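Chemist: The residues making up each chain are set out below.
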Amino acid sequence: MTYTESMLASIAKVDASRGSRMSTPFRRMTPEERDDVLRRFHPDYIQQAMREIRIGRSQGMRTPLEMADVLEGPAQIDPATFQLGAPDLLCDVLVIGGGGAGASAALLASENGAQVVLATKLRFGDANTMMAQGGIQAADKPDDSPAIHYLDVVGGGHFANSPDLVEALVSDAPLVIRWLEELGVMFDKLPDGAMNTVHGGGTSRKRMHSARDYSGAEIMRVLRDEVRCRSDRIQVLEFNPGVELLADASGRVTGAVLLDLETREYRLVGAKAVVLATGGGGRLHYQGFPTTNHYGATGDGVVLAYRAGAKLAFMHTMQYHPTGAAYPEQILGQLVTEKVRGLGAQVCNLHGEQFVFPLETRDVESAAFIRECVERGNGVATNTGQQGVWLDSPMIDQIHGAGTIEKALPAMVRQFRNFSIDMTRQPILVYPTLHFQNGGVAHAPDGSTGVAGLFVAGEVCGGVHGENRLMGNSLLEITVFGRRAGRSAAAYVQGVELGERTLAHLSAWEQARREAGVSGGRPSPILLPDYTRHVRQVRQDPLIPVG
Amino acid sequence: MTAEKPDNASSILGGQAELIPIYVMGQRVDVPPSLTIMRALEYAGYTLTRGVGCRGGFCGACATVYRLKGKPALYFALACQTVVQPEMYLAQIPFFPYRRADYHLEELQPTAATLYQLYPELLRCLACGTCTKACPQGIDVRAYMAAAMRGDIAAVADISFDCIACGLCSARCPVEETQYNVGLLARRLTGRYLSPVSQHLLDRVQEIGDGKFVAELQLLKSLEKAQLAERYNAREIEA
Chain A
5 MTYTESMLAS IAKVDASRGS RMSTPFRRMT PEERDDVLRR FHPDYIQQAM
55 REIRIGRSQG MRTPLEMADV LEGPAQIDPA TFQLGAPDLL CDVLVIGGGG
105 AGASAALLAS ENGAQVVLAT KLRFGDANTM MAQGGIQAAD KPDDSPAIHY
155 LDVVGGGHFA NSPDLVEALV SDAPLVIRWL EELGVMFDKL PDGAMNTVHG
205 GGTSRKRMHS ARDYSGAEIM RVLRDEVRCR SDRIQVLEFN PGVELLADAS
255 GRVTGAVLLD LETREYRLVG AKAVVLATGG GGRLHYQGFP TTNHYGATGD
305 GVVLAYRAGA KLAFMHTMQY HPTGAAYPEQ ILGQLVTEKV RGLGAQVCNL
355 HGEQFVFPLE TRDVESAAFI RECVERGNGV ATNTGQQGVW LDSPMIDQIH
405 GAGTIEKALP AMVRQFRNFS IDMTRQPILV YPTLHFQNGG VAHAPDGSTG
455 VAGLFVAGEV CGGVHGENRL MGNSLLEITV FGRRAGRSAA AYVQGVELGE
505 RTLAHLSAWE QARREAGVSG GRPSPILLPD YTRHVRQVRQ DPLIPVG
Chain B
9 MTAEKPDNAS SILGGQAELI PIYVMGQRVD VPPSLTIMRA LEYAGYTLTR
59 GVGCRGGFCG ACATVYRLKG KPALYFALAC QTVVQPEMYL AQIPFFPYRR
109 ADYHLEELQP TAATLYQLYP ELLRCLACGT CTKACPQGID VRAYMAAAMR
159 GDIAAVADIS FDCIACGLCS ARCPVEETQY NVGLLARRLT GRYLSPVSQH
209 LLDRVQEIGD GKFVAELQLL KSLEKAQLAE RYNAREIEA
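Here the protein sequences come in this chain order: A and B. The numbers in this note's numbering rise by one with no breaks, and the one at position 261 of the first sequence is 265. The numbers in this note's numbering rise by one with no breaks, and the one at position 118 of the second sequence is 126.
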């Protein structure tokens with residue numbers, strides 16, 4: 005899987021221009037230039053790839069076609085025939101989702117007195133959190149402040165962000181770093197103890213905290229271990245995704261129906277409150293884009309919350325990460341962390357020329373890559389016809405000294421080395437990839453949604469990032485709002501009296517579908533993407549028929 | 009980039025390359041030679057729930073063991089990060105029973121005694137190196153187990169840092185260690201107790217507790233978009 009001859013010829017130009025490029029950094033775009041490249045090249049602006057949602061409380065909101073389909077889909081279970089017997093499990097707080105947000109919520113809910121069940125689709129920790137490489141933002145240096153962080157966040161989000169959510173995000177950020185450190189997260193530090201922080205796209209201060217380039221993995225494995233150490237208060241159910249919420253006659257959430265992926269049995273969990281922390285939906289592959297996301301990222305939580313009566317926010321905006329791997333084919337779309345550019349790597353076209361400042365916000369950077377390939381014809385083509393631009397990784401060792409890449413980016417080096425490419429010596433080819441759901445379920449700073457008993461945290465939410473998230477604010481979001489949602493849910497369940505568990509909201513949903521003329525569609529949440537190739541007939545019934 | 013099944017690596021299915029035989033738990037299937045093991049399983053008709061996770065080499069769900077025809081060696085890999093080879097004879101190990109000590113980190117001390125007490129089997133290590141051979145991340149597991157026996161917690165943390173807890177080291181260990189949980193404990197002890205103190209972080213936590221930034225944030229929250237944009241575009245950027 006070494007580079008093709010035409011790619012090597014282009015790499016020679018990148019090598020040749022490196023010396024002069026290093027002394028002449030490319031200028032940042034003006035506000036007008038940013039707007040122009042976004043409008044003309046960012047996937048969010050392609051109108052035919054979007055449509056209005058036809059039913060529910062956010063009817064009329066535009067969202068990618070693939071998301072609209074799952075939002076409007078029929079439920080997995082039929083409220084008319086599904087038997088709601090006694091619950092299999094009872095708890096105070098049910099957390100659905102086993103990533104960083106879910107783990108944080110479970111920890112804080114249990115700390116605040118709740119008995120918790122944490123249910124997750126695959127294994128505990130199988131989540132986008134685990135894959136987040138670059139870092140987590142927090143304004144904890146003397147020349148930085150939560151207010152400066154605030155300005156970076158809202159500027160990056162096109163000033164559309166919810167002010168109250170951003171305030172919570174930036175104010176809690178240093179507290180969360182301290183919390184994680186007390187739980188044993190190993191942040192990168194200088195010998196004197198100062199956090200070894202770098203820039204991310206769109207930051208005005210170096211406030212990106214990292215744990216090599218396993219930042220998310222380090223946070224996730226610590227949070228997971230802490231949850232497992234509290235098994236007296238938190239029960240973990242793996243391979244049990246949520247397929248529907250339960251509610252009482254007045255619409256207050258009272259638990260959920262889970263599907264055991266191993267036995268194919270439904271499991272009922274009665275809870276006084278539910279925290280949805282199911283993550284995003286990259287595996288819906290909007291506009292056919294490859295994705296950096298985890299296998300289970302199918303947008304489930306938005307579907308569940310929406311049917312239960314929650315409102316959505318910013319569902320028209322998805323984040324395309326500028327540096328997805330474009331070569332080799334086997335890792336197409338997988339994340340190349342922004343930390344590579346944070347450490348100084350520039351971006352070059354086919355001719356070895358810079359064409360964009362490397363740390364524009366992600367939406368602008370992505371749009372600039374697409375423009376360079378599509379409009380200007382300066383992309384590098386691979387053997388499969390995939391286009392890309394060069395990320396000049398070898399520069400990093402020239403800037404910071406030999407061995408920096410190996411030490412700061414071990415996961416990246418390993419990923420490319422697995423496919424016989426040495427990124428310490430040769431640049432790597434990148435192209436935008438579907439990365440993050442900027443929008444999601446609308447919520448308040450305490451994680452509440454307006455639906456009694458329903459709390460949300462993490463990528464399933466919308467509002468804090470406005471129309472574009474900055475690097476390092478998702479690991480921050482999941483911990484800040486996971487903690488808040490867990491704490492709020494534990495407070496809410498104190499003394500709450502709930503009615504009988506029903507699926508009344510589902511019956512209402514089916515009626516709304518009928519009235520709007522929506523019929524058919526794949527039952528949702530879809531739980532897993534369909535990657536299986538079948539060349540023969542597939543038996544649909546259980547192997548041994550039930551009954 | 010669209011395809012009938014829009015997986016990240018879909019277009020390689022359309023190639024005209026000749027298929028190669030691999031054996032999945034003994035069953036022969038013929039697959040395109042450019043596929044990863046994970047995509048080859050899906051190509052062969054499997055719908056994965058076990059043995060699949062992030063699909064990007066970070067989660068450790070897809071630990072795989074294989075042999076190649078005619079060779080005595082046993083090989084170890086992540087299914088999402090490894091391209092198939094002809095006559096590969098493979099099985100996934102999506103789960104392996106492990107031992108994990110229960111503890112409250114805040115009650116522990118970062119000493120050798122803590123490691124020995126929570127993982128007494130640590131001292132049985134034969135230093136045979138089978139764990140190192142089995143690690144798909146290329147981590148020198150034997151070296152960090154040796155450091156653990158010496159009580160050098162920071163070294164355990166450093167060497168084990170890239171561990172994804174796939175469990176292959178433990179599955180292969182002749183004396184039944186759960187190496188990756190020893191590494192995890194050492195890293196948590198290091199993060200909490202052994203890393204140098206970040207005074208600027210403690211100061212900022214104090215300032216937030218004192219409400220130092222509340223007024224400034226209230227002001228920013230009250231600004232109109234145009235006023236915010238003006239401030240945003242005039243930001244001073246740290247070099």
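In short, the hints are calculated from the structure, not lab data. Misleading hints may appear alongside valid ones.
[To be verified] The calculated lysine-lysine pairs, modelled on DSSO-like cross-linking and capped at a C-alpha distance of 27 angstroms, are:
hint, chain 1, residue 1, chain 2, residue 2
1, B, K141, B, K79
2, A, K193, B, K79
3, A, K210, B, K141
4, A, K210, B, K229
5, A, K210, A, K193
6, A, K315, B, K220
7, A, K210, B, K79
8, A, K411, B, K141
Since we're looking at a predicted model, the values are computed, not measured.
Chemist: Look at each hint and say if it fits the structure.
Modeler: Quick rundown of the hints versus the structure:
no., hint, in the structure
1, B/K141 x B/K79, "holds (16 angstroms)"
2, A/K193 x B/K79, "violated (46 angstroms)"
3, A/K210 x B/K141, "violated (39 angstroms)"
4, A/K210 x B/K229, "holds (23 angstroms)"
5, A/K210 x A/K193, "holds (13 angstroms)"
6, A/K315 x B/K220, "violated (34 angstroms)"
7, A/K210 x B/K79, "violated (52 angstroms)"
8, A/K411 x B/K141, "holds (22 angstroms)"
Checked against the numbered hints listed earlier, the structure breaks hints 2, 3, 6 and 7; every other hint is satisfied.
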